[in-house]
Amino acid sequence: MLIFDQLRKNDPQLRAVALAALAGLGVLLAGLWWVQVISGRQYQSNLETQSFRTIRVPAMRGSILDRNGVPLAENQPAYHVSLYLEELRPQFDAAFTVEIARVRAGLQAALEQREAQLGRGLSREEKKRFSLGLKEKNAIRQQVRYAVASNVVFEVGRRVKVPLALDRPDFERHYQARLALPYPVLRYLKAEQIARFEEQPLRMPGVDLEIQSTRVYPHDGSAAHLLGSLRRDDSSTDGEESFFSYRLADYRGELGIEFGFDRQLRGTAGAKSVLVNNVGYRQTEHVWSQIEPGSNVVLTLDLRIQQAAERALQSGPRGANTAGAAVVMDVNSGDILALVSSPTLNPNHFVQGFPRGEWKRITDVHAQKNRATQENYAPGSIFKIVVALAALEAGLNPHATLSVPANPMRPTRGYYQLGRRTIRDLAPPGTYDFKRALKLSSNTYFITQALRTGPERIVNLARRFHFGERFGLPTRQETGGNLPALERVRGRWTDGNTANLSIGQDPVLVTPLQVAVMTSAVANGGKVLWPRLVQRIEPVDTFSSQPPTVFPAGRVRDELGVKPGNLAILAEAMLADTEDSDGTGRHVRDHAPLEGLRICAKTGTAEVQDEDNAADGQTTWFASFAPYEKPKYAVVVMVENGASGGGTCGPIAGKIYQALMELEKTAPNGQLAEARPKGAR
Amino acid sequence: MRSGLLFSESQSRIDRLQIGALTGLMVIGALFVYSATMVSESAAVAAWYSQSWFRQIVWYVLGSGAGVVVCLVDYRTLARWSYVFYWGAILLLVAVLIPGIGSMRFGARRWIDLGFFQFQPSEFAKLAFILAQANFLSRPPDELRIGGNFLKALGLLALPFLLIMKEPDLGSALVFLPTGLVMMFVAGVPGRFLTRLLGIVGILGALFLVDVLFAPPNWQIKLEEYQRRRLLVYFGIQQTPPSDASKVDRERLRKQQFDDSHNVRQALISVGSGGLTGKGWRQGTQNALGYLPRAVAHNDFIFSVIAEEQGFVGSVVVLTLYGVVLFCGIRVAGQARDRLGKTVAVGVVTLLFSHVFINIGMNIRLMPVTGVPLPLLSYGGSSVLSSLIAMGMLQNIYIYRKAY
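Protein chains in written order, with numbering that gives the first Met the number 0: chain A, 0 to 680; chain B, 0 to 403.
FYI, nobody ran anything at the bench for these hints, they're computed from the structure. Hints may be right or wrong, so weigh each one.
Said to hold, decoys possible - Chain B stretches covered by chain A per the calculated footprint, using a threshold of three residues with CB under 8 Å from any CB of chain A:
{"no.": "1", "stretch": "270 to 276"}
{"no.": "2", "stretch": "313 to 320"}
{"no.": "3", "stretch": "351 to 361"}
{"no.": "4", "stretch": "383 to 396"}
As the list claims (entries may be wrong) - Which chain B residues stay away from chain A? Per the calculated CB distances, all over 12 Å, these:
{"no.": "5", "residue": "L30"}
{"no.": "6", "residue": "R54"}
{"no.": "7", "residue": "G64"}
{"no.": "8", "residue": "V69"}
{"no.": "9", "residue": "D112"}
{"no.": "10", "residue": "R228"}
{"no.": "11", "residue": "Q265"}
{"no.": "12", "residue": "A266"}
{"no.": "13", "residue": "R330"}
Unchecked claim - Restraint-style ranges between C-beta atoms, simulated for each label pair:
{"no.": "14", "chain 1": "A", "residue 1": "Q107", "chain 2": "B", "residue 2": "V209", "range": "25 to 33 Å"}
{"no.": "15", "chain 1": "B", "residue 1": "V209", "chain 2": "A", "residue 2": "I37", "range": "29 to 37 Å"}
{"no.": "16", "chain 1": "B", "residue 1": "V209", "chain 2": "A", "residue 2": "G120", "range": "51 to 59 Å"}
{"no.": "17", "chain 1": "B", "residue 1": "L96", "chain 2": "A", "residue 2": "Y174", "range": "41 to 49 Å"}
{"no.": "18", "chain 1": "A", "residue 1": "G105", "chain 2": "B", "residue 2": "V209", "range": "30 to 38 Å"}
{"no.": "19", "chain 1": "B", "residue 1": "L16", "chain 2": "A", "residue 2": "I37", "range": "28 to 36 Å"}
{"no.": "20", "chain 1": "A", "residue 1": "P89", "chain 2": "B", "residue 2": "V26", "range": "57 to 65 Å"}
As the structure is a prediction and not an experimental result, all values here were calculated from the model. We treat Cβ as the ideally placed atom computed from N, Cα and C, and that holds for glycine.
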């Protein structure tokens, strides 16, 4: 080295100094190499643990809108107070130190006392009784931890003026399993509680206010069944990062539209890392996996019609506890304008928690069941629509008359004698042609015609209505009903079975939505439509280049293939049902004026038998469409344990028609159900 | 021909290599004082001329001017005045201890407030001491064998040492010890004196440490509480609270211990997380997020900022520049025309080396935390001025070296 060459001839002291300096710099260099290169990674991770938190951020869940853009499910901010346990840890440790010292002092005193008693020192074995084992220490740790947290929770309660108590088992469970996550103390703060909490000058260590987006169903119980419910679920879905310091509350659809379109509504959760400074305040956020907000789902439902139908149904025999369903369907497009199931429940409770007793009520009345799609009902006399069409197709002369004898047991009613079995009839004895038979719902007439037509023709037609089949609704709330297979009808099939079939009893079972599709098919000239619940899925961002997914309206599932003339005969008879003074459906106008609206209807009252074939109430029906001249709406009402189809369900349907008429008056061109242009709200 | 030699290629008048290295250090200093201070919003909105980096540049200019001025006068002439400088410095060191004159900051009286400038006498006392000590030691080697003269030399060292300890400024005081010792060693003080001195200093130091760290409170040397705690942290000793301490006291103690070790731990994280190549200028998070305390990031812990942002590569560059300055200084000592020049040069080199070693060492936990600035890189007028004056003295000795 240059300098050493020059120092060679110099004194050894300078060389020593130079060597010492070189050695010193070497030590520094080695130290820096050790810190920066060898252990660099470790310090890098120290840096990250002290300054980064990774958080799973659920995407904003898409809204569910009605056909006019009115939100049925949306997101609103909610405020919670949470404990950040890692921040309380120093307090836990301090309290533990104090407590363990106290316990040890007590044990020591007991030991000394014992020794004094015995007058000798204790052996090592004996002393063990006076020392603390790991188990005892852990118990003390647990106890002081609870005490500290409990004090903090009490203080929070004092601040927001809500008496709060820390649930020990729950807290302990959280501590063991989910220490890295904040422990929720008080959820869904009200505005004044937020103010009280925030106005405190000192931030309490370990306690913070969280803001989360929460699912809100602004119309509470309206369309609750169709919308469905959510379940708390923070777990990562496939293709997402799976490790996070924190996960913000996320939900997954469990039922209804929330379930069926969960993937679209949910979007893609993002991930962010938060850089915190030396005192833990958030500095910057780095989103390393972009959040993709969920899409909006636009239903075919019209909230105004839905709510009118709900009100109408809840004016039923048992008020809000009336068990039943109502479906309003656009007969031409297949759009479901209202899908009501009663009793209802409040989907907000699935997110915010159920009030005391509410869950019991729900299970008692089976409120979770979507009665419009999820339960099999005997159709009763409304199935005569199918029988009538099949008979007309088979050549029944609608003007041919049939004389019905009086029932000897009840002279005001007719009956049908099938071998040794007497089938009761609610219609009076007398002479019946097709129209009279339909409007009075004569069992005798229809049994007679069914036997003449033959069960095969009836079942064949019913199959074209797709009874006994599911629609494949995206709601996880569907049953397909029941229809005897053709093989069965051809095989061991008795006239008794045919009689039952013709009056909508036993083997045939339907859902109210299936009945609405059947009624629409009669109204629209024979097209069996796919019911449409969802119009389109559109991106939240209206400027998004991503086109909405549109589900086309008016998709035809099947053609009835019946003569238009026969449909007209049927419609005329159904009209008479509501307009003639002796029609079973005349009560549709009991509580609603409905001027100028001509309604075609068929009522039904089906006996329900329990497992022992004992009578167990009856299912009452009102299947209708209107206006007669140019049908637009099918309205189907079903009430469990009603008095009669006409008497119980008729007035409910009447109220729904009244609401439809009023809404039509205010609608821009008198068209309620008209599909609106794409993207319009 | 003397004038011919003066400007020849091989025999340049000034030590260009050293000046190049110094310039490099000053550029790095300005850049990283900027990086360390421009993170807080209040600093960024201040006028450019009142910002730290600009002030630092002003000090570089002033210091370089002072260094040039020092070069104008032959160091032998300066040495003749050395006792005047020395006693002047002692006077200032006494003055700084007087409450009306010395201003109190962070629990220590180290500064004299001149309004525009917080003057730190200890920085200049170091230089005055080097000059005076060299002047004293430059007498004929035979005289140095006399014990009385050795004691006088020791007295020369002890006086500023004790005064600075009193401020208190342990770090600045401690750098006097190696500086004085190495100067005596090079000047030719007999080895037996020095080994004895080293032995005594070693024993005293050990006793001091044991006393400070482990003795019961009444028996301890009166040290500022923070100094004691820094030593405790360095030796990794946890204080155990007395059994009768209240919960609040325990809590306070715990927090204090955490805070004490905080700087060291954060400096280590800064340096370590820099890795091989660093995060880039102004990209360091430790300083920006305040983990590395703002009060010290731009002065005592400037090396952490450099190491975090430039990594091991940056550290090596800094060490290399200091190495060049140091070995140029040793070369100057070797080429000095007399023992005075050699001793002064060695004193300056040792002083510089002590600062570098203590400061960088404390960033990587080799040394305890003491408030010793990193010459030319740490923000601070006194430090920059005295460092550049010291460099001027080296150049002075080089200019008047043997060759002429």
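Outcome, coverage hint (the stretch 313 to 320 of chain B, chain A; C-beta under 8 Å; three residues): Contact hint for the stretch 313 to 320 of chain B vs chain A: holds, 3 residues under 8 Å.
Claimed clearance of chain A by L30 (chain B), with the beta carbon kept past 12 Å: Non-interface label on L30 (chain B) holds, nearest chain A Cβ at 19 Å vs cutoff 12 Å.
Assertion that chain A covers the stretch 351 to 361 of chain B - criterion: three or more residues, beta-carbon distance below 8 Å: holds (count 5)
Outcome, coverage of the stretch 383 to 396 of chain B by chain A - at least 3 residues whose beta-carbon is closer than 8 Å to one in that chain: violated (count 0)
Closest CB of chain A to the CB of R54 (chain B) still more than 12 Å away: Check passes; 26 Å lies beyond 12 Å.
Interface-negative label, D112 (chain B) against chain A, beta-carbon threshold 12 Å: Nearest chain A Cβ is 30 Å from D112 (chain B), so the label holds.
CB-CB spacing for V209 (chain B) and G105 (chain A) relative to the 30 to 38 Å hint: 36 Å, holds
CB-CB spacing for I37 (chain A) and L16 (chain B) relative to the 28 to 36 Å hint: 32 Å, holds
V209 (chain B) paired with G120 (chain A), Cβ distance criterion 51 to 59 Å: Violated - the Cβ-Cβ distance for V209 (chain B) and G120 (chain A), about 35 Å, lies outside 51 to 59 Å.
Outcome of range test on Cβ distance (Q107 (chain A), V209 (chain B); 25 to 33 Å): Holds, since Q107 (chain A) and V209 (chain B) (Cβ atoms, about 31 Å apart) stay within the stated range.
Interface-negative label, R228 (chain B) against chain A, beta-carbon threshold 12 Å: Since the minimum Cβ distance to chain A is about 19 Å, R228 (chain B) lies beyond 12 Å and the statement holds.
No chain A beta carbon within 12 Å of A266 (chain B)'s: Its Cβ does come within 12 Å of chain A, the nearest being 10 Å, so this is violated.
In this structure, the hints that do not hold are numbers 4, 11, 12, 13, 16, 17, 20, in rising order.
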